[in-house]
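From first to last, the protein sequence lines are chains W and X. Just so you know, we're using our numbering here: the first sequence kicks off at 1 and counts up by one. Just so you know, we're using our numbering here: the second sequence kicks off at 114 and counts up by one.
Some clues are possibly wrong.
[Stated by the list, open to error] Derived pair list, reagent style DSBU-like, types lysine-lysine, alpha-carbon separation capped at 30 Å: (1) W:Lys100 / X:Lys184; (2) X:Lys116 / W:Lys42; (3) W:Lys42 / X:Lys184; (4) X:Lys183 / W:Lys100; (5) X:Lys170 / W:Lys42; (6) X:Lys168 / X:Lys116; (7) X:Lys131 / X:Lys166; (8) X:Lys131 / W:Lys42; (9) X:Lys116 / W:Lys100; (10) W:Lys71 / X:Lys170; (11) W:Lys100 / X:Lys170; (12) X:Lys126 / X:Lys168; (13) W:Lys42 / X:Lys183; (14) W:Lys108 / W:Lys42; (15) W:Lys108 / X:Lys116; (16) W:Lys100 / W:Lys68; (17) W:Lys100 / X:Lys131; (18) X:Lys166 / W:Lys100; (19) X:Lys168 / W:Lys42; (20) X:Lys131 / X:Lys184; (21) W:Lys100 / X:Lys168; (22) X:Lys166 / W:Lys42; (23) X:Lys166 / X:Lys126.
Calculated directly from the structure, the hints in this document are not laboratory data.
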Amino acid sequence: GESVGLHLPTLSVQEGDNSIINCAYSNSASDYFIWYKQESGKGPQFIIDIRSNMDKRQGQRVTVLLNKTVKHLSLQIAATQPGDSAVYFCAENRENNFNKFYFGSGTKLNVKP
Amino acid sequence: DVKVTQSSRYLVKRTGEKVFLECVQDMDHENMFWYRQDPGLGLRLIYFSYDVKMKEKGDIPEGYSVSREKKERFSLILESASTNQTSMYLCASSWTGGSYGYTFGSGTRLTVV
Chain W
1 GESVGLHLPT LSVQEGDNSI INCAYSNSAS DYFIWYKQES GKGPQFIIDI
51 RSNMDKRQGQ RVTVLLNKTV KHLSLQIAAT QPGDSAVYFC AENRENNFNK
101 FYFGSGTKLN VKP
Chain X
114 DVKVTQSSRY LVKRTGEKVF LECVQDMDHE NMFWYRQDPG LGLRLIYFSY
164 DVKMKEKGDI PEGYSVSREK KERFSLILES ASTNQTSMYL CASSWTGGSY
214 GYTFGSGTRL TVV
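Using the sequences plus the hints, can you model the full thing?
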């Protein structure tokens, strides 16, 4: 399944499928990006980050892709599990200031058993 | 396990009351932040602090103030609570110039009646 970020805030996928969550950012000067996962009743938690000098970064079952040309970020989750159900946010760092991030509104991922 | 602790998970206050939201971090982070989270609007920065007794306005500071008397503690104050301040409030902290972004607390859901 694939989302289009703000225009489709909820993404439903079948357990075991791959998920793709998208995020568009606005500032071409943004140079550091983070994906967060927020489970119900909890604060956001760091998943994976990427710097603007990279196009791709992989973690455990997650991959982040960065396309600076179109200012687009995506999070791919392989073999989605019920525990992946959460809201996912991208955050961009602007002004070369690691102390200040701007967050997207998030995409809710529902994993169907 | 390092963490950011918010003193209350749920609060119900009356219109016009003065409300204090407390946040404590045990990671010796220089920076602390207060966000509010509303459906469809994502995380919006209210205030942040780079050092003890230092504060800066974020994107939506109106109706709020903050206090940082000690490095580990950052308080958000609603001077006269209003119903439009009903929201989820998230506290976060970070290293100066650090990667990995913020460590978030679990949030305080405030209802103003």
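Right, here's what the structure says about each hint:
| no. | hint | verdict |
| --- | --- | --- |
| 1 | W:Lys100 / X:Lys184 | 18 Å, holds |
| 2 | X:Lys116 / W:Lys42 | 12 Å, holds |
| 3 | W:Lys42 / X:Lys184 | 24 Å, holds |
| 4 | X:Lys183 / W:Lys100 | 21 Å, holds |
| 5 | X:Lys170 / W:Lys42 | 25 Å, holds |
| 6 | X:Lys168 / X:Lys116 | 22 Å, holds |
| 7 | X:Lys131 / X:Lys166 | 21 Å, holds |
| 8 | X:Lys131 / W:Lys42 | 25 Å, holds |
| 9 | X:Lys116 / W:Lys100 | 19 Å, holds |
| 10 | W:Lys71 / X:Lys170 | 27 Å, holds |
| 11 | W:Lys100 / X:Lys170 | 12 Å, holds |
| 12 | X:Lys126 / X:Lys168 | 25 Å, holds |
| 13 | W:Lys42 / X:Lys183 | 25 Å, holds |
| 14 | W:Lys108 / W:Lys42 | 14 Å, holds |
| 15 | W:Lys108 / X:Lys116 | 25 Å, holds |
| 16 | W:Lys100 / W:Lys68 | 20 Å, holds |
| 17 | W:Lys100 / X:Lys131 | 28 Å, holds |
| 18 | X:Lys166 / W:Lys100 | 18 Å, holds |
| 19 | X:Lys168 / W:Lys42 | 26 Å, holds |
| 20 | X:Lys131 / X:Lys184 | 23 Å, holds |
| 21 | W:Lys100 / X:Lys168 | 13 Å, holds |
| 22 | X:Lys166 / W:Lys42 | 28 Å, holds |
| 23 | X:Lys166 / X:Lys126 | 27 Å, holds |
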